[in-house]
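Line by line, the protein sequences give chains A and B. Quick note: to get our numbering, add 13 to the position in the first sequence (first position is 1). Quick note: to get our numbering, add 261 to the position in the second sequence (first position is 1).
It is worth saying that the hints were derived from the structure and are not from the lab. Built from N, CA and C at the ideal position, the CB exists for glycine as well. Treat each hint with caution, since some may be false.
Stated by the list, open to error - Cut-off 30 angstroms, straight-line C-alpha distance, at most; resulting in silico cross-link-like pairs (DSSO-like, lysine-lysine): (1) B/K346 / B/K309; (2) B/K309 / A/K34; (3) A/K409 / A/K486; (4) A/K19 / B/K309; (5) A/K433 / A/K409; (6) A/K19 / B/K271; (7) A/K493 / A/K575; (8) B/K271 / B/K415; (9) A/K250 / B/K344; (10) A/K439 / A/K485; (11) A/K250 / B/K413; (12) B/K344 / B/K309; (13) B/K346 / B/K368; (14) A/K19 / A/K186; (15) A/K250 / B/K368; (16) B/K309 / B/K415; (17) A/K19 / B/K465; (18) A/K34 / A/K186; (19) A/K19 / B/K368; (20) B/K465 / B/K413; (21) B/K271 / B/K344; (22) A/K486 / A/K439.
Said to hold, decoys possible - Calculated from the model, a selection of chain A residues having no Cβ within reach of chain B, i.e. all distances over 10 angstroms: (23) Y23; (24) S188; (25) D217; (26) E225; (27) R306; (28) D310; (29) A331; (30) E360; (31) G466; (32) D483; (33) W530; (34) S531; (35) G552; (36) H557; (37) D576.
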Amino acid sequence: MDQVQKPARYIGCEDGAVTPKHRPDKAAWLLIYPDTYEVGLPNQGLQILYEILNERPDAVAERSYAPWTDMAGVLRNNRLPLFSVDTHRPAADFDVLAFNLSAELVYTNLLECLDLAGVPIRSADRRPEDPLVIVGGHCTYNPEPIADFIDAAVLGDGEEVVSEITEVVTGWKASGRTSREGALRALAGIEGVYVPAAYTVSYDGQVISGVEPCWPEAPEVVEKRTVADLADWPYPKNQLVPLTEVVHDRLNVEVFRGCTRGCRFCQAGMITRPVRERPADQVRTMITNGLQRTGYDEVALTSLSTADFSGIEEVVAATVNDADCGQVSVSLPSLRVDAFTVGIAAELQRARRTGLTFAPEAGSWRMRQVINKLISEDDLYSAVESAYSQGWRRMKLYFLTGLPTETDEDTLAIMEMARKCVEMGKTHQRSPSVTVSIGGFVPKPFTPFQWFGQNTEEELRRKIYLLRDDAKKSHNVQMKWHDSRATVVEGLMSRGDRRLGPVIEDVWRAGGVFQEWSEHFDVSLWTEALERHGLSFEGYVYRHRTEDEIMPWDHLSAGLHKDFLWQEWRDALNEVGLEDCRWTPCYDCGACTGYGIEHVVASAVPPAGGSQGTGQPSNGGAVPVQLSGLKS
Amino acid sequence: MTRIRVRFSKLGKIRFTSHRDVARIWERTLRKARIEVAYSEGFSPRPKLSFGLALSNGHESLAEYLEIELVTDEELTAEGALKIKEQLNITLPVGLEVQAIAAASRKDESLQQSVRSCTWRFDIDDLDISSAQDWVDSVLGAEEIVVERERKGKVVVEDLRQQILFIQVVEATDHGVRLLAELGTQPRALRPSEFLAVSDPPLKARYVCRMNQWMLQGDERVEPLSVNAGPAPFATLADVTRRESTNVRTNGRACSDRPNQPGVN
Chain A
14 MDQVQKPARY IGCEDGAVTP KHRPDKAAWL LIYPDTYEVG LPNQGLQILY
64 EILNERPDAV AERSYAPWTD MAGVLRNNRL PLFSVDTHRP AADFDVLAFN
114 LSAELVYTNL LECLDLAGVP IRSADRRPED PLVIVGGHCT YNPEPIADFI
164 DAAVLGDGEE VVSEITEVVT GWKASGRTSR EGALRALAGI EGVYVPAAYT
214 VSYDGQVISG VEPCWPEAPE VVEKRTVADL ADWPYPKNQL VPLTEVVHDR
264 LNVEVFRGCT RGCRFCQAGM ITRPVRERPA DQVRTMITNG LQRTGYDEVA
314 LTSLSTADFS GIEEVVAATV NDADCGQVSV SLPSLRVDAF TVGIAAELQR
364 ARRTGLTFAP EAGSWRMRQV INKLISEDDL YSAVESAYSQ GWRRMKLYFL
414 TGLPTETDED TLAIMEMARK CVEMGKTHQR SPSVTVSIGG FVPKPFTPFQ
464 WFGQNTEEEL RRKIYLLRDD AKKSHNVQMK WHDSRATVVE GLMSRGDRRL
514 GPVIEDVWRA GGVFQEWSEH FDVSLWTEAL ERHGLSFEGY VYRHRTEDEI
564 MPWDHLSAGL HKDFLWQEWR DALNEVGLED CRWTPCYDCG ACTGYGIEHV
614 VASAVPPAGG SQGTGQPSNG GAVPVQLSGL KS
Chain B
262 MTRIRVRFSK LGKIRFTSHR DVARIWERTL RKARIEVAYS EGFSPRPKLS
312 FGLALSNGHE SLAEYLEIEL VTDEELTAEG ALKIKEQLNI TLPVGLEVQA
362 IAAASRKDES LQQSVRSCTW RFDIDDLDIS SAQDWVDSVL GAEEIVVERE
412 RKGKVVVEDL RQQILFIQVV EATDHGVRLL AELGTQPRAL RPSEFLAVSD
462 PPLKARYVCR MNQWMLQGDE RVEPLSVNAG PAPFATLADV TRRESTNVRT
512 NGRACSDRPN QPGVN
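Turn these sequences into a full structure, and let the hints guide you.
Right, dumping it as structure tokens:
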């Protein structure tokens, strides 16, 4: 341990951690987040499954995270395997290695973890005694680039399906882990579980000509899993409190899942439909109990757009005024851009008002109609005006560049917006500042932009430099941006197919781990590996797809009708927006109707304070929002 | 506001947490245990806690100190101290344990200023008793152990020998030998890693544990807070080992990653 940085990453001992008793009749899960401990520990999905599995009489679950490169070296030099942080048990002693994949650039870390575990990286090479390798998380909506390495992928919410998988695994374990194919066939029969080995893919040049199930257990199309009501799943009940510092080091309470704002670039908003709110009472109970149990003094109410939560005013008021909770700060990640939001933020940050973050995503109204992020100029500038007038000095604005139909005029509108914010700030503050953060757009599966040919690396870089040069002209505007080379590698895996397996393997063998970390990212590893296998960025990333092209993920389903997505793509090109179906009539995207479930929304009335696709007129510059029950 | 001084141990896996980590753990623990700690004024109020000398990541300790300002003005009674100790010990994570609590005067010098030396225990690998004794003799026999180091761009010459107050070979262990040493902390603390590196090649320690911190009260050497009822000046080796076996108990949930936990027989 004295040879590695931050050894506390590897010791476990968190408040809330368990030391489960392993038994031959219990399926042993090792839940692995293939990034550093600091990034992986707070992951809510992993913690939810950790609790649900350990509550079951027939399962145990422990956790592991990708060892940093120094630790990986120490393990290899000492011939030690990847281990769990809970009981320091070797990874290969578990029945299931379950990976949470939230980002494409961690794929090489998946191989690294398997190799450190002593498990063959390719599914086809695994022996009967090797554990099953299962992945979950948003990346599994196109797991094809890693199809060679995984035994199964789970689509959608994990709360229910882990129990069904556990039953298959206990059966396999009871039989002495003999028939691996038998276990895989049984898994393929579970709704929401995709077993790549059960399908053969054929190609015609760059494009796919067909995907056929080859086992009777495997369905034509694998549907995602959706829990109907979050109220049934008040997890995590015992959120892990780490001994060492991690990201999002606070209590996190998920207030709803799903989002129907309908931003066309946003995969999370598409694949997690419909909206399912947690009852406000349950949210309050989880906050009170969670703060008392953990000792945290900060709680984040998490969702894809927390200001849309029907009970937001009551919950915030109850929390900041609850003497039982002590001095608590509430943070609301993923906020809408409007004055209402600033009103809530003002209630939350009574003392220190330093920075406020908004995500307009695009600079021009035309561009925002294309991406269906329907923030009007009124919404934005009333929010900004409101923030500066109430004492905030720094504004952080998030944007994407490389969006469909984007012209240089649209790109430069980002800086115009930033400058206008600074001007507004000057009427209230002596030295207002605006930080503009630019991300390169990556088209994702199951979004209306899945047909769009991503901007080339050169084009993205040109746009970023265009903005950078423009930003230099105004000294109150700072700019940050993502490496465009990492953006195209992300694009490669986002919409790639099975032929990328050998590329990922090559990059990993060349030492390309922790690719989402700029100090380790190396684009030349990817370029060389692609060339070696006769593949290109052009074929996977830059090329526009046609309507009839078979997508690598067409045999998977997030419930969305493909013709809905195509119509959305056409509407995007025509600059036509689409309203939020929570408060306007259903346009049948498929997410509710296909699964016989519905939105669970406590209020049928759109939230106060903004137009933004609610079907309501914008309230323009009328700002001040009085939160009921709150006194400032 | 009443100020209290807390002595606690840090044993087992939790030794791999940093000084900053431990500070954060204390803040959460005090909130969980519902002990009303005074907060600083201003834009970002912080709980009023002050920690003593930092402990290097990876080292254990039987003698860590912390001072806490409470909201209450009431004087701390023996009963009150015991109650706080119990509340904290059921709340602290495995591996951290309060050993003693007492009232502290706000006029006292800070712990960092007043501590003059620390006694450390080293479990050294690959060294037998007689070579260990030779090593000790040569270190203690040296008139000076001069090292040059760069500090703030300037080359500073330091004599480490002055900071080595005492070394003793205790016993053979499964992997080598156990040493005790008392190292000075003023004007700058000699770190255990520097102590081990006074010879070339450096000694390799499997475990390092801070046993005591010492300050001066008049001419008397005392601990900032003794775990014994009476004072414990000038600990002899016998004292140290006895204190270890009688006062350091594990609470049965020790996060054990090795068989020979200090104090567990």
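So, going through the hints one by one against the coordinates:
| no. | hint | verdict |
| --- | --- | --- |
| 1 | B/K346 / B/K309 | holds (18 angstroms) |
| 2 | B/K309 / A/K34 | violated (41 angstroms) |
| 3 | A/K409 / A/K486 | holds (18 angstroms) |
| 4 | A/K19 / B/K309 | holds (27 angstroms) |
| 5 | A/K433 / A/K409 | holds (13 angstroms) |
| 6 | A/K19 / B/K271 | holds (17 angstroms) |
| 7 | A/K493 / A/K575 | violated (36 angstroms) |
| 8 | B/K271 / B/K415 | violated (36 angstroms) |
| 9 | A/K250 / B/K344 | holds (29 angstroms) |
| 10 | A/K439 / A/K485 | holds (19 angstroms) |
| 11 | A/K250 / B/K413 | violated (49 angstroms) |
| 12 | B/K344 / B/K309 | holds (20 angstroms) |
| 13 | B/K346 / B/K368 | holds (23 angstroms) |
| 14 | A/K19 / A/K186 | violated (36 angstroms) |
| 15 | A/K250 / B/K368 | violated (45 angstroms) |
| 16 | B/K309 / B/K415 | violated (35 angstroms) |
| 17 | A/K19 / B/K465 | holds (20 angstroms) |
| 18 | A/K34 / A/K186 | holds (16 angstroms) |
| 19 | A/K19 / B/K368 | violated (37 angstroms) |
| 20 | B/K465 / B/K413 | holds (29 angstroms) |
| 21 | B/K271 / B/K344 | holds (21 angstroms) |
| 22 | A/K486 / A/K439 | holds (17 angstroms) |
| 23 | Y23 | violated (8 angstroms) |
| 24 | S188 | holds (35 angstroms) |
| 25 | D217 | holds (55 angstroms) |
| 26 | E225 | holds (51 angstroms) |
| 27 | R306 | violated (7 angstroms) |
| 28 | D310 | violated (6 angstroms) |
| 29 | A331 | holds (19 angstroms) |
| 30 | E360 | holds (17 angstroms) |
| 31 | G466 | holds (47 angstroms) |
| 32 | D483 | holds (34 angstroms) |
| 33 | W530 | holds (21 angstroms) |
| 34 | S531 | holds (24 angstroms) |
| 35 | G552 | holds (47 angstroms) |
| 36 | H557 | holds (50 angstroms) |
| 37 | D576 | holds (52 angstroms) |
In this structure, the hints that do not hold are numbers 2, 7, 8, 11, 14, 15, 16, 19, 23, 27, 28, in rising order.
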